[in-house]
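Participant: Residues per chain, in single letters:
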Amino acid sequence: MDNYPALIVIAPLLGAFFAGLAAWIEKRLSYPIALAALGLSLFSAVNVLIQVIATGTIQYRMAGWAPPMGIEYRIDLLNAMVLVLVSGIAFLNLIASYKNVIQETSDRAESFYVIYLLFVVGLLGVVATGDLFNLYVLIEITSLTSYTLIALGDRDRGPLAALNYVFIGVIGASFYLLGVGYIYIKTGSLNMMDVANILSGIQGSTTVLVAFFLCIIGIWIKMALFPLHVWLPNGYTYAPVAFSRVVAPLMTKVMVYVMIRLMISVFGFDYIFTELNLGKAVVWMGTIAVLAGSIMALSQKNLKKMLTYIIVAEIGYMVGGAWLANELGMTGAILHIVNDALMTFALFLAVGNIVYKIKSVDLPNLKGLFGKMPWTMAGFVLAAFSIIGVPPTCGFFSKWYLVLGAFEAGAYHFAAALIISSLICAVLFFKVFEICFFESESKGHGDPHSTVIIEEAPISMLVVSGLVSISLIVAGLYSGTIVNTIILPFLR
Amino acid sequence: MVTMISIKPLLAVLVPLLVIPVLVSSSSKPNVRESWIFVSGTIMLILVLSMLPVVLQGKQLVLTLFEIAPGAALAFKVDGLGMLFALVASSLYIVTSIYSIGYMRGLNEHGQTRFVSFFALAISATIGAAFSANLLTLYLFYEILSLATYPLVAHHQDETSKISGRRYLTFILGTSIGLVLPAMIYCYHVTGTLEFSTAGIFSGQLSKPQATVLLLMFVFGFAKAGIMPFHSWLPAAMVAPTPVSALLHAVAVVKVGVFSIVRVMTGIFGVDLLADFNLGVVVMSIASVTILLGSCIALSQDELKRRLAYSTISQLSYIIFGVALLSPQGLLGGVIHIVMHAFGKITLFFCAGAIYVATGKKYISQMSGLGKKMPFTFTAFFIGALGVIGLPPAGGFYSKWNLILGTLEAQQTIFMVVLLVSSFLNAFYFLPIVYKAFFGKSEEEDEDGAPVKIQEANLCLVIPLLISAIISIVLFFYPTVFINLIKVGLNI
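Residue numbers (the working numbering), protein chains in the order written: chain E, -7 to 484; chain F, 31 to 522.
Just so you know, these hints were derived from the structure itself, not from any lab. All figures in this text were calculated on a predicted structure; none of them were measured in a lab. Just so you know, even glycine gets a beta-carbon here, dropped at the ideal spot from N, CA and C. Treat the hints with caution; some may be incorrect.
[Claimed, not checked] DSBU-like, lysine-lysine: derived pairs with alpha carbons at most 30 Å apart:
id: 1; chain 1: F; residue 1: Lys192; chain 2: E; residue 2: Lys293
id: 2; chain 1: F; residue 1: Lys192; chain 2: E; residue 2: Lys349
id: 3; chain 1: E; residue 1: Lys423; chain 2: F; residue 2: Lys192
[What the hints assert, rightly or not] Which bits of chain F does chain E cover? Going by a derived footprint, with three or more residues having C-beta under 8 Å, they are:
id: 4; stretch: 94 to 105
id: 5; stretch: 165 to 173
id: 6; stretch: 455 to 465
Generate coordinates for the entire structure from the input sequences, incorporating the hints supplied.
Facilitator: Right under this line is the structure:
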C-alpha cells in the first residue's frame, strides 16, 4: 500500500478525533479506539521500515502537492527506524497504562487518551516530515500536549512544573521558528532537501550562520541539553506516570533525531564541521552534560526524579557522539537513540508498576521491593544494567561505538566522561538496589520459611515491562544487525 | 590450527542457565530443586568432557553467535586453556552442590532458591568466560559473573553483608568499567580485532609506554585476580555462605580474573611482544608484592576464612607470576596452578565450612584440639594445605616445582627467592592449625582426659571435602591431562 507513510500519522490523528467524539456517547469507548489507532500506526510504521530497507527512501507528497510548495514526507532508513520506535513505545505504553490512568486521572481518562494520541501524532509527524515549517508546527503539537498532560499529574506540583515547561518550551520553539524564518529569507524554500541544495551553493553567509544557531539552540532547549535542561526533571517527575513513561523515552530522543536530521539533511557536515568547525566545542558541551546529569542524579531522593537526571546525562551521550564528526560517533549516537528510548522506557515501566502498587517512588519507601515485586524489579534491574552499560544489554553497545568514535576523534575527555558516567550510574542504581534488597521489614537472616507476600502489578503491566526488558538484550545482541542494515547504509 | 564448528560450548553455557526457571518454580520442594542442580551439573560436565578428546588432539571448537562489529563478535572457542578452566569449574560445581545442600540446610539458611539460582547463573558465566573466543565475549561473561555473585555475597541481607557487598562491587565493577573497558575499546580502536591468538593482535602499533599502560590497565582492571591494591574485596566477600567462598572465591570468580589476565597476556599482547618490551618483569614485580604481602597478612588473621582469603590472594599471583616469566616452564607452572590451587583451596574452604556447621567456630584460636573430634575434616585440611604450600604428595608440588624451574630458566634468581620465602610463609600459616587441631588441648576437653567422641559434620559436608582432597593427591600422580591441555593451548 502506498499510503502507509501518511497512515502512520493520520491513524492516531483520526483516532484522537473519534476517541473524543465517542466519549460523548460512552466514556469507555475512547480507550479501545486509541489502542486501535496506535496499533494501526505501528503496523504501518513496520511496513514502511520493511519497504525502506528493501527499496530505499520513500517520498510521500501530502495530498499530491509537489514540493517545495506542498508538504513532503521523506522517509529514509533513519526516520523509518525512529517511527517504529515511537509508534511501538506509544502503543505498548497505552497497553500498560490502562490501570495507571484509571488510578491517577480517573475522572478525565477519556481526555487523557485524546491528548495522548495528539502528542503521539506530533512526535510521529516530527520524525516523518521533510519540511522545516511543518516540523515547527508538529513540535508545537507535542509541546502543547505535553504541557497539558504534565498539568494533569501531581495536583500540587504538576501545574507549576507545566508552567515552567511552557515558558522555556515557548522560548525554544521561538528560536527554532526564527531560524526557519532566516532560512526562508535566504533560500525561499522550506523543504529540507530543497534548502540543503540551495545552502550548499551559498558560502560565508551571516544569515545562514544566524539561522543555524537559532535552529540548533531551539532544538537543544527542546531536548534539554545541559544547561538548558531545567524544565525537564520537574516536568517529567510530576506528570502522571502513564505520560512520563512515554514522554521520558521519546520526547528528548525525537529531538535528538531532529538535531541529527538538521545536521545531515539540511546544513550538512561540511558546513558544520569544516566551515564553522564547531565539533570540538559541542563535544565538550556533551561531556559536561554527561557529567552534570550523572552527578545531579546522585543527590535525588525520588526515584522518578533520579531517572529524569539520567536522561539529561544520556542527552549528553548523543549530542557528544553526533558532534564527534566521524562515522563511529554518529553510529553510536543513532544507535543510542534506539537503545536509550528502550531502556528509559523499561525503567519508567517499572516505575509505573511501583507507583501503582506502592503509591510512592520516594527511595525510602521502596524497602523490601525485591520480595514484594520480583518481576517488576527484574525488569528494573535489567534496564539499570543497560544504563550502566553491562553487556549483552543494548546500552553497552551504543557506548562501545561512542567510545570508539571518541578515540578516533581524539576526544579522550568525552570517552572519560562516558566511563565515569557508567560508574556513577552503577553507584546510583546499586543505591536503589540496596534499599530494595536489604532493608526489608521482615528479618532476613536465619529464617528459611519467612514468606514474603508477593504483591505484583497487574498482568497487563508486567507483560509489557517484561517484553521491553527482554528487548534490551535482543537489541543488544542484534546491534550489529541494526548498525549494518540501517545505520551504516543511511550514513553512507 | 584446525577448527571445527560446534554447538557444544553454547550448550554447556546454556544448561545451567536454562535450569534456573525450573529451580525457581520448584522452590517449595527442596529435594526436587536440588536434583535438578545435579542433573544440570552432570550434563554440563559431560558436555565439557565430550569436547576434551578433540581439544587434546590440538583442534579448536568454535561457534560465532552474534557479529557485533567486524572482529568483535559474541563467539566461543574451546582451546586447551579454556578447556582446562572449564574442566576444573564444572567438576567442582557438582562437588560444591553436594556441599551446598549440607551447608545451607545444616544452618537452616533463608532464601535457598535465590541462592542456588544465582549460583547456577554464576557457573554459567564462568564456563562462558572459559570458552570465550575474544576479549569482548570474555568481558561480557566477566561482568555477568560480577553481578551474579553480588546477591550471593550479600546473601545474609544484614548490615555486614551490605557493607561487604558494596566493597565487592566498588572494586570489581569499578575496575572492570573504569580500566578494562577503556583498555579493551582502545585495543579494538588500534587493531580492529579482539580475537585471541597466540601471536597477539598487535603488529607494531604500540609504543612501549602505550603497551605498558594498557597492560597495567588490564592487570589491575581484572580485579577478580586480587592483585594488590585491588584485593580487599576478597576478604570482605567472606561474609558469604561458605559454598560461595569455596567455589566462587577460591575457584570460579577469582580464577576468571586470573584467566582473563592470562588470556590478555598470551592472546592479546602475545608472549613475544611482552618479551620484546620487557614487560614480564613489570608484571612479575607486581605479582611478587602481592605474593609476599598476601602471605604476611594471612599469617596475622585469626578468622579461618579470612586467612584462607589472604592465602588465595597470594596464590592467585603465583599464576600471574608464572605467566609473566614468559618461558615455557613458567607458563606451565603458572597455568597448572589454576588447577592445583583450585582443588587445594576448595578443600580448605570446605573444611572451614564443615567446622563452622559442626561447632559454630570461625576463629583459628578456638580450633585447638578439634582434630580429635573431626579427624576426617582435619586430615583433608592437611592435604589441602599441602597442595597450597606445594609439598608432595599433593598436586600443588607440581606447579611450584615448575615455577621455580621457570625462574631458573629465565635467570631470575631474585624472583626465585620470592617463591621460596612465600612457600615458607604458607607453611607457617597453615601447618600450625593442623598441628594444634590434632595435638593441642581443646577448650572443653574433660580434665580427666576421657577420649573425645568423633563428631563430624553431616555427610553432605564431609564427602565433598574428602573428594576434593583425594583429587588433590591424584593430581600429584596424574597431572598429564592438564599438562597436555596447557601445551596444546599455549603452543609450548
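Participant: Determine for every hint whether it applies to the structure shown.
Facilitator: Each hint tested on the structure:
Only pairs whose Cα atoms come within 30 Å are accepted, and lysine 192/F paired with lysine 293/E is accepted, the gap being roughly 20 Å. Taken as a hint, the lysine 192/F and lysine 349/E pair is honoured in the structure, with Cα atoms around 26 Å apart against an allowance of 30 Å. Among the hinted pairs, lysine 423/E with lysine 192/F is consistent with the structure: their alpha-carbon atoms are about 11 Å apart, no more than 30 Å. With 7 residues having a Cβ less than 8 Å from any Cβ of chain E, the stretch 94 to 105 of chain F passes the three-residue criterion, so the hint holds.
Counting residues of the stretch 165 to 173 of chain F whose C-beta lies closer than 8 Å to any C-beta of chain E gives 4; at least three are required, and the coverage claim holds. Restraint check on the stretch 455 to 465 of chain F versus chain E: 0 residues with Cβ-Cβ distances below 8 Å, three needed, restraint violated.
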